[in-house]
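Enquirer: So you can see what is in the structure, the chains are spelled out below.
Number of protein chains: 2
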Amino acid sequence: MSAPVYERVALIGLGLIASSMFWAIKRGGLAGEVTGYARSEATRDTARRIGLCDRVCDSAAEAAEGADLVVLCVPVGAMGSVAEEIAPVLKPGATVSDVGSVKRSVINAVAPHLPDTVHFVPAHPLAGTEHSGPESGFAELYDNRWCILVPADETTDPEAVARLRALWEGMGANVDEMDADHHDLVLAVTSHAPHLIAYTMVGVADHLRRVTESEVIKYSAAGFRDFTRIAASDPTMWRDVFLNNKEATLDILGRFTEELFVLQRAIRMGDGDHLHEYFSRTRAIRRGIIEAGQDTEAPDFGRAAKKP
Amino acid sequence: MSAPVYERVALIGLGLIASSMFWAIKRGGLAGEVTGYARSEATRDTARRIGLCDRVCDSAAEAAEGADLVVLCVPVGAMGSVAEEIAPVLKPGATVSDVGSVKRSVINAVAPHLPDTVHFVPAHPLAGTEHSGPESGFAELYDNRWCILVPADETTDPEAVARLRALWEGMGANVDEMDADHHDLVLAVTSHAPHLIAYTMVGVADHLRRVTESEVIKYSAAGFRDFTRIAASDPTMWRDVFLNNKEATLDILGRFTEELFVLQRAIRMGDGDHLHEYFSRTRAIRRGIIEAGQDTEAPDFGRAAKKP
Chain A
568 MSAPVYERVA
578 LIGLGLIASS
588 MFWAIKRGGL
598 AGEVTGYARS
608 EATRDTARRI
618 GLCDRVCDSA
628 AEAAEGADLV
638 VLCVPVGAMG
648 SVAEEIAPVL
658 KPGATVSDVG
668 SVKRSVINAV
678 APHLPDTVHF
688 VPAHPLAGTE
698 HSGPESGFAE
708 LYDNRWCILV
718 PADETTDPEA
728 VARLRALWEG
738 MGANVDEMDA
748 DHHDLVLAVT
758 SHAPHLIAYT
768 MVGVADHLRR
778 VTESEVIKYS
788 AAGFRDFTRI
798 AASDPTMWRD
808 VFLNNKEATL
818 DILGRFTEEL
828 FVLQRAIRMG
838 DGDHLHEYFS
848 RTRAIRRGII
858 EAGQDTEAPD
868 FGRAAKKP
Chain B
568 MSAPVYERVA
578 LIGLGLIASS
588 MFWAIKRGGL
598 AGEVTGYARS
608 EATRDTARRI
618 GLCDRVCDSA
628 AEAAEGADLV
638 VLCVPVGAMG
648 SVAEEIAPVL
658 KPGATVSDVG
668 SVKRSVINAV
678 APHLPDTVHF
688 VPAHPLAGTE
698 HSGPESGFAE
708 LYDNRWCILV
718 PADETTDPEA
728 VARLRALWEG
738 MGANVDEMDA
748 DHHDLVLAVT
758 SHAPHLIAYT
768 MVGVADHLRR
778 VTESEVIKYS
788 AAGFRDFTRI
798 AASDPTMWRD
808 VFLNNKEATL
818 DILGRFTEEL
828 FVLQRAIRMG
838 DGDHLHEYFS
848 RTRAIRRGII
858 EAGQDTEAPD
868 FGRAAKKP
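Taken in order, these protein sequences are the chains called A and B. Under my numbering, the letters of the first sequence match residues 568 to 875, in that order. Under my numbering, the letters of the second sequence match residues 568 to 875, in that order.
It should be emphasised that the hints constitute simulated quantities derived from the structure, not laboratory data. C-beta: ideal position from N, C-alpha, C; glycine also. Check the hints yourself; a few may be wrong.
Under 8 Å between C-beta atoms, here's a sample of chain A residues computed to sit facing chain B [unchecked claim]: (1) I617; (2) T684; (3) V685; (4) M768.
Computed from the model, here is a short list of chain B residues facing chain A with C-beta under 7 Å [unchecked claim]: (5) R712; (6) T722; (7) S787.
Output of the computed footprint for chain B on chain A, the stretches with three or more beta carbons under 8 Å from beta carbons of chain B [stated by the list, open to error]: (8) 658–667; (9) 720–732; (10) 849–860.
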């Protein structure tokens, strides 16, 4: 265990991401004190009960005051108003960061509120589960996951970026840097479009009249189940993601629809060679993900299941 | 351990499904002898080396001869020719079954070849992993998974159906019965359409020029990873599924596209309420799947990962 990276860290918003940060910070001894704030009184009560944060505050400003690092862990659509609320109390020289899944719109919403005396280093940890809330966090969430730092502009202090990098590495993550627009495109491909597609497929199953909901649920192990896991993610967070990464998501969805139509046509025309060649290519991408350490080879469809 | 359900079982085709059946049959003491055949000599050699099947034969007819149950475990497109090949040697009173993911076209392809002296009871175990081949099987694959029996017509001997049900229950599965057309529609929703969609999304990521393949792979944990697992399934098996369940799959994909367009429009128009409501509904379906015992609540996106 090394010296703390920051003397005081404030977490604004206490859901899955913030609570996992807290436990990872404690595991690594990365901060002297961690304060926390959540808008909902019930969440603050839960946090106090389970020992989430060294000190749970009753306002965002109280939590942020005097902190060396303030991390905004609220839905993307709420970032701007939280930044406005804490701006007056920010300590000169402090760093403000966030964990939003979209970066350009967060920068646009937050930067105008911040005083020149603080550093703004947006970030996005690529980790999560389908659960949400203060009790869903765990210290290992970021181990060997990527965290992308997106410095707001070229004037960002390199020292502030390096310190935030050290915090994320201390929490177990691998850190990359990227500009905001490229981040938003990469995430549209690897996360935002897949989520919308999963939500859609689960919605289709729900609407069908000739297949009952209990049949869909009983027989989900055949592939559908993995879609439902993705489609169980936090609705508020995802609404804000789509509204704030509109162009890149619609671009990828447009390409997806084109591609789907080509495969549908191959099915309709009975073009087996086209299908086989396509499916063989996608299998190779899976191999790359296992080799990159972002998944294990352990078979998943056959996972141990509870007795009903 | 009870008395064997069948004296002799023959498995034609030795991939993931057949090899898991063998280990599950052995675990349960469900058959006196299990013979096996695979078209590829390399697969037969592997089977002999790892002890898969009590006796590995060099032709489908040799494996099927004298068996009380013959299970066709080959891709859907190969079922007809295998049935033709084994028909002359089938023992009177024997049962022929299969494990294909599509049922109407398998019945159409297989039934005409079978003599009146045998019972035909098609089946479909809803279990699998993204791996394939004789070494991918394991005894627990069917534990608490569903197996759907689809008696070819109303004249099927109830005694033959009951015996096949006992075998699948002995291998750990829950058994349902359904007619072929309903089966094909249910599976189009829960399995075939989700697979095609996952294949498509993985293909889109592969084609993008502005996002490199290594970025897609590195950042896959954000949602895309679960699609690649589905899209890594056996290409030959899936080509045959789509070509043989054409109408139901295209029907579901048409509904999917409509629904996707409505959500795309909500994103474009900034209709956050519509998105939030939709995403909240899909979350409830996930809850139903966990309650039905077809998945665990353990968070999956944050699963333990190997160091790269």
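Enquirer: So, for every hint listed, does it hold in this structure?
Expert: We went through each hint and held it up to the structure:
1. I617: 17 Å, violated
2. T684: Result: violated, 33 Å to nearest chain B Cβ.
3. V685: 28 Å, violated
4. M768: 6 Å, holds
5. R712: 6 Å, holds
6. T722: At 26 Å from the nearest chain A Cβ, T722 of chain B fails the 7 Å test, so the hint is violated.
7. S787: 5 Å, holds
8. 658–667: With 0 residues close enough to chain B, the hint is violated.
9. 720–732: violated (count 0)
10. 849–860: holds (count 9)
The earlier numbered hints that this structure contradicts are 1, 2, 3, 6, 8 and 9.
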